Structure formats: C-alpha cells, structure tokens
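Chain residues, written in single-letter form:
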Amino acid sequence: MIKFTLNGRLVETDAPPTARLLDLIRDEFTLIGTKEGCGEGECGACSVFVNNHLQNSCLIPIGSIDGTDVITIEGIMESEQFKILDESYSSAGGVQCGYCIPGMVMASAALLSKNPHPSEAEIREGISGNLCRCTGYNMIVDAINLAAKKGDGLWQKK
Amino acid sequence: MAEKITAYRFDRLDQTLSQLNKENCSIIAGGTDVMVLHKSRRGVPPKIPNPVIFIDHLSELKRVYQNQKDLHIGACCTYSELLEDPLIPLPLKNAIKTIAAPAIRNRGTLGGNICNASPAGDTLPLLYVYNAKLLLRSVNGDRVVAISDFIQGVRRVGRQHNEILVEIILPSVLEEGSHVVFEKVGNRNADAIAKVGFAGLIRVNDSRVEDVRFAFGAVGPTMVRSVDIEKKLLGKPIPLADSDVAEVVAAFDKIIRPIDDQRSTAIYRKKVALNLLRYFLSSKQYQPN
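Read top to bottom, the protein sequences are chains A and B. In terms of full-length UniProt numbering, the first sequence opens at residue 1 and continues consecutively. In terms of full-length UniProt numbering, the second sequence opens at residue 1 and continues consecutively.
Incorrect hints may have been included.
[Stated by the list, open to error] Listed below are the simulated SDA-like cross-link pairs for lysine to any residue, each with C-alpha atoms no more than 25 Å apart in a straight line:
1) B:LYS254 to B:VAL154
2) B:LYS39 to A:ARG133
3) B:LYS4 to A:ARG133
4) B:LYS69 to B:LYS47
5) B:LYS93 to A:SER119
Because the hints were derived from the structure by calculation, they are not lab data. Computed from a prediction, not measured in an experiment: that's the story for all the values here.
Model the full assembly from the supplied sequences, consistent with the hints where possible.
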C-alpha cells in the first residue's frame, strides 16, 4: 500500500508500484487537469509538484513517492498566486487550445516561487520543458512577466 | 488480473544491499530513463523487469563532500541538487544546465546518467576528462573503478547485480588551475539528446601544456578518449602551433567513427566533433575555471 499526500489530503492506493503517477492521479483520483502529452518527459503537460519540486508525473513510478507531498494543478487553483497567473495568462492571450496550460501554469508557479523577478531568458528557461504548439511561446512569456509584476511580493508566500 | 509487481523501498542502504544480494532487481533512481525505456500504453504500468528496487530517497546516496582535493558526489543527487551545491565545479554546473529542463533536472540523477550508459549521456564526456572514479558497494564491501572501465558499451556497464553505484569521485578536481570546457550540440537547448558532446581540459604551466584531456560523446558506442593522442601535446608551448593542432585533429579523425541515426548523420557528427576540438585547441590562452 502506497500512502502520500495529494493536494493536502492523505491518500493511499494499492496500484502497482511501477504505475505512473500520471495515470494514478487521472484514473484513480480523477484529477484530470494534469494532461498526458508525450509520455516521455519532453512536453511538460503532466507537470506536478513533488515535495514542492516541479516534476513530470509521466516519469514517476508511484513506488518512489511513498510519503511525499504531491500537488496537481487542482491543488493550486484556490491560491492567490493561481488567480494572478489565471488573469495574466488571459490578458496576455497566453492560452489557445489550452492542452499545455496546466503544465505551463505549474512551471510558471515553480519558476516564480524560486525567482519572483525573472528576466526574459530566465522565463524561457523556466518553461523550457513545456511544449506549446499554438502560441509560439511569446504570449506565455508575456503572461509570466505580467504575473511577476502583478503578484509582486506574493510568490514566495506559502 | 494484472501480474503482481514486486518492489522494494528500504529506509537504509544496507537493507537495500542485502536485498540486492538475495535477488537480481531493476534499480530505479530518478527513473527518467527507465520509465521511458519500458513505457507501455497509457494507463498500463511500464514493463520494467521486476522486482524493482527504489534508491533515490536514500540519504546515504545524496551526500556531496570534499576529501582533500577530491570531490565525492552521491550517486542519487539530482541535477538540481548539484546545481545548488557550492562544492560542484562551475564547468560541471554549466554542463548540467544543458541537460533536459527543470522538471527532469529535479528527478534525474548523476548516478543514473552513468548507469544508463547511453552513448549520448550528457555528463559522460565531462566525467571522462575529470578521470572520474566510481565507488561501488555491495554486502562484500567497496570497490573503486574508473568510469572508462565501468562503461563497456551501449547501455552496458560493469556492475555486479548485488552492487550499487554509491559515489562519483572526481580526483583532484578542487585543485586550482585547469581550464575546462563542455559543449553539447543538439536540435534545441532544452530536452534534446546530444548529436555531439565534447569536453576538454587543459592545464598550462609556464606557457606549456602540463596536462590535457578530451572526450567526445554521441560519436561512438561509448565516449571517445585517447590518452595516447593527449600525450602528443604535453610540454608544447601555448598558444599551440597550427601543426600541433592539425596533428591532434588528424589523429582523432582516424578514431572517431560516428553513425547515422534519427538525430544526426555520421558526416555531420564527425565534422562538428573535430571542429569543437580544433576550436578548443586554437584558443590563444586558457583561464583556470
């Protein structure tokens, strides 16, 4: 039996230890905000936080997350930081088809919590593991820039 | 009913080693290679030969420390942990920054990159020029092996089934005075598997070459390094004469034999590898880093 914290709630599962965290959170816990893109760790659509570190849930066997703290996009949606990101992505036009966005938002939040005033190069580095086939990235970079400004002072708050 | 999968995750390294001594297990550190290598369709766990044993949480495998001028790096340190560690030399940090992207660097481990033994393993050229030694531990004790002896072929390493790679030792790396470069050529900056990798190290004393080493990645089954060719440059004056550079480039031209694959062609790889070498050797001066 594997036990871990999922979005602040202690959960357990008897799914096989080699099962992917991505499948577990989508299929067993029906948290379908986290997407599968490539399934190989290259697109970032499945990004989650494990112990507050951004990780690709498609590469994580659940046996290795026993006792850890996992947060998905659903787990940050009530936060003030998420509201800023939500508004910023909307006003910058950073969302088109939307498939990459949960992962992009997770990567944005991870970046800003470590570096609340990123340069453009640092923003591009921060989302370098997330593919978007619609926007060409510039509007997403604008969105993160905007979020950094709008949420000034908020990013390192727990 | 799905097949029962046996997996272990012990609290301590000694428990892990005694289990490995009893049965052959698939070892999973970060899992970033293993999970892709054995990937199934969505919703189905990867078909990793089991039993599996998880090791990335073991604190014994996450230490970084200095022993005189040698640097010891725990095999299960993630790339992100190494980027934040003040003991890690700058050229190694720069190499790590070229690996994958933040989310993978939060999971992938240095030990995993070595044991995966990909011909394009990102850190490998640099570890070869650092003369990295690997500390392997089993219930029978420790042994130390040079990385160039440990990696034997494509995804083939000299690890006994009861052993774990515990530490990567970089001898004398904390000594001042070497100039080290690392270059990776890929399709893009993030998440790209190398077409060519190159690492060069040079130490100059009194305007002459005192030590020099090169290693090339992704141009053969394992890293290409030749101590014989390196020796040709010892004692030569800096800046190197064109004829010295040409001799070394010609010698590597004979032993670098890349292949065509989906990422690049043999011709391109060879050209780029030799250009990187020539560029490194043609530097007017070398600043210790």
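Q: Measure nothing beyond the straight line between the CA atoms of LYS4 (chain B) and ARG133 (chain A); if it is 25 Å or shorter, mark the hint as holding.
A: violated (39 Å)
Q.
Next pair to validate is LYS39 (chain B) with ARG133 (chain A); report whether the Cα-Cα distance is within 25 Å.
A. Holds, because 24 Å separates the two Cα atoms, which is no more than 25 Å.
Q | Distance restraint between LYS69 (chain B) and LYS47 (chain B), which requires alpha-carbon spacing of 25 Å or less | A | Violated: LYS69 (chain B) and LYS47 (chain B) sit about 43 Å apart, past 25 Å.
Q. Between LYS254 (chain B) and VAL154 (chain B), does the CA-CA distance stay at or below 25 Å?
A. Holds. LYS254 (chain B) to VAL154 (chain B) sits at ~21 Å (cutoff 25 Å).
Q.
For LYS93 (chain B) and SER119 (chain A), compute the direct alpha-carbon distance and say whether it is at most 25 Å.
A. With Cα atoms ~20 Å apart, LYS93 (chain B) and SER119 (chain A) stay inside 25 Å; holds.
Hint compliance for this structure: hints 3 and 4 are broken, all remaining hints hold.
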